[in-house]
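Visitor: Fit chain D to the given chain H structure using the hints.
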Amino acid sequence: MKRPIQILLALSLLALARPSGAQEASSPVARTPVGSAPVVSAPAIRGKVVYERFCLSCHGDLGNGAGEFADHIAVKPRDYRQGTFKWRSTPSGALPLDADLEKTIRDGIYGTYMPSWYAIGKGNRSDVIAYIKTFSPRWKTDQPPAAITIPPEPSYTDESVKRGRAIYERSNCAQCHGQSALGDGPSAHELKDDWGNPIVPYDLTQGHIKCGDTGADIYRVFITGLNGTPMPSYTDSISNDEAWDLVHYIQSLSALYSKNYSKKP
Amino acid sequence: MTRRAKVVLAAWAALTVTIVLAPPPARAIPAFARKYGLRCTSCHEAWPKLNDFGRAFRDNGYQMLLGKDDTVTATPGYWPVSVRLTPHYEYNEVTNQLTDQGVKKLGTGGVAGIGMDLLTAGTVVNNVSFLVVPTGFAPDGVVTLESAWVRLDNLFGSSWANVKIGKHEVDLPVSAHRPWNLSSTGYLIYGFHASGSISSYDMGTNQRGIEYMGHDRGSLNRVAVSVFDVEDSPGSRHVFDTPGVYVHATHEWIFDNAPISEAKLGVFGSYTSWPTTFFTDGGQPIPGTGGNLEPSSKYGVEGQLWFGPPATPFHAIIVFAHGQDSKALIPDATQNGTFNGGFFEIGYSLNLKTLIFGRYDICKNSRQGVVDAAQNLNDQDAHTIGLRHTFSFTNRSEYALHVEYTSVRTKGAGANGLDTRSNTYFAGIDFAY
Chain H
1 MKRPIQILLA LSLLALARPS GAQEASSPVA RTPVGSAPVV SAPAIRGKVV YERFCLSCHG
61 DLGNGAGEFA DHIAVKPRDY RQGTFKWRST PSGALPLDAD LEKTIRDGIY GTYMPSWYAI
121 GKGNRSDVIA YIKTFSPRWK TDQPPAAITI PPEPSYTDES VKRGRAIYER SNCAQCHGQS
181 ALGDGPSAHE LKDDWGNPIV PYDLTQGHIK CGDTGADIYR VFITGLNGTP MPSYTDSISN
241 DEAWDLVHYI QSLSALYSKN YSKKP
Chain D
1 MTRRAKVVLA AWAALTVTIV LAPPPARAIP AFARKYGLRC TSCHEAWPKL NDFGRAFRDN
61 GYQMLLGKDD TVTATPGYWP VSVRLTPHYE YNEVTNQLTD QGVKKLGTGG VAGIGMDLLT
121 AGTVVNNVSF LVVPTGFAPD GVVTLESAWV RLDNLFGSSW ANVKIGKHEV DLPVSAHRPW
181 NLSSTGYLIY GFHASGSISS YDMGTNQRGI EYMGHDRGSL NRVAVSVFDV EDSPGSRHVF
241 DTPGVYVHAT HEWIFDNAPI SEAKLGVFGS YTSWPTTFFT DGGQPIPGTG GNLEPSSKYG
301 VEGQLWFGPP ATPFHAIIVF AHGQDSKALI PDATQNGTFN GGFFEIGYSL NLKTLIFGRY
361 DICKNSRQGV VDAAQNLNDQ DAHTIGLRHT FSFTNRSEYA LHVEYTSVRT KGAGANGLDT
421 RSNTYFAGID FAY
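Residue numbers (this note's numbering), protein chains in the order written: chain H, 1 to 265; chain D, 1 to 433.
Treat the hints loosely; a few may be bogus.
Only pairs whose alpha carbons sit at most 16 Å apart, straight line, appear in this in silico EDC-like list of lysine to aspartate or glutamate [stated by the list, open to error]:
{"no.": "1", "chain 1": "H", "residue 1": "Lys122", "chain 2": "D", "residue 2": "Asp256"}
{"no.": "2", "chain 1": "H", "residue 1": "Lys103", "chain 2": "H", "residue 2": "Asp217"}
{"no.": "3", "chain 1": "D", "residue 1": "Lys264", "chain 2": "D", "residue 2": "Asp216"}
{"no.": "4", "chain 1": "H", "residue 1": "Lys122", "chain 2": "D", "residue 2": "Asp232"}
I should point out that these hints are in silico values taken from the structure, not numbers from a laboratory.
The following block holds chain H by itself, in its conformation from the complex (with noise of 0.2 Å):
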């Protein structure tokens, strides 16, 4: 009686290991993703891995945002066939540092689907990433550029508000955020990003921004854009001092954000 079962235990076990289907993590030569180079580094084949396991149900198995979970958001996944990324410390239309991946894929991004991996540990993170490049061939011609230079944040006034209020009104913000900040702007139902998808602007009242909720965090949107979406880059048009200003406007709307009130900057 034994036997037989330990015979077919066996070759149980042998029909398991198999692989079985595109979706299969374990063969270590992987898939080659739609327009990019073949997955060759040991890092980006542990993270094919870690992608199917965490990444794959919103940003597709192809790395093109299409997932099954896709069609029922607002925010639409990455599509990262193009190399085109919001959240950077980069200049506009520049590829990410790998530390502003790896921010993204720690913090996750506040109110949309994207969660915090923080759990997972930093190899892990470090390995998708390495996959995550391989969607786009565009890692392979282009190196992004060092990070723009945050100057340090001044203090939180009733003076810089009010300035950050005028630069917000001249700079046109409202168009697309509104009046109040609250996303309803005249052209708010018009947007759409680099995809195609309509986007809404975001709401600054809420008290948290997407890409973190401190001082730098805001400063840096406001000099690199949002690659991909209506949101520029306003580095040729507004000052440094500008910019912070803008920065504490938008701290301003919402008791939630951490000020700067400190005398020195």
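Guide: Coordinates of chain D only, in the frame set by chain H:
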């Protein structure tokens, strides 16, 4: 070859063929998966055991904490209910049973009465989470509330301040409700007592009480304290029925790109009571009138290692505990009964869908309460081996083939003082949606 062997042979062959011919994985995910659009693999190392991300999500009160946890405003809307069923064939045999025809090995098998877990869980509002699990629904018609609790999460804005009230599983080294094995053989050390003890306290049974739990970001450091009435106690006339307390603390390390990808160390302990005297009616104890509560204690350490890629790890778990039951809990005892035990468990994820698992349990009395009793009386050991293969996991459902063999030996528990050995052969489909 016997007829039974042929039947089992045919069943295994059919299951193997089913696996080989199974369709490619469909896309799809239960309630949390539906709500957050994540695959089962996001939270489960191998379903149903949680991975680091799943543990952190649970510790956060079933929340991602990024503004998308509200049950009402979540898009798409979802109904926080999941169903888990495990239709299966099971053959059980036990040796050295006394019958009129002598000492026999008894065995029986068939398609088991199918029970069901109805799991409803989530958040009532932000930072107020809940879990309600009616379970049973088998042909006997019995339905019990396995879990029913509400938890106040992140009190004062701190992840170190969470309070759970209701019937809950204490924070075990390895959850008794999320084992890889599906036969009725649980982790023996959780329910083991000194030989002859009347206490039925089982660490793996959900308890009615209050739990304090705290953790850091990512749940690398965790501490939990539960204070409760011991479940299944006949009850006492004390102000606090049958009190017990359980404590568990762990620390976890994550190593980047090292052969050992993660390691965890923990300590745990329980101190519980059990009534030893009762008012009686016609000589029979009146439930709820127990007195002279006497203690049982159990404390131990756990160690866990994950080898290889964290996404498809080889996971090794070792748990050791020492316990003691008061002599007042052991009829005819003249000294406290003590014991040692634990288990060693491994799970190897061949890929995201296939898991091989095995476990060895052992519990040995180190001092019998009754001095004349054999030193090894009621000692137990068990071994379990099995595999799970998930055919598909989606944001709507998951179903897996599960095959398992378990054998439990109990010293001196059979006819004429012989040992008993209970063997279970299990094969079925485990699915949830």
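Visitor: Kindly indicate which numbered hints from before are broken by the structure, ordering the numbers from low to high.
Guide: 4
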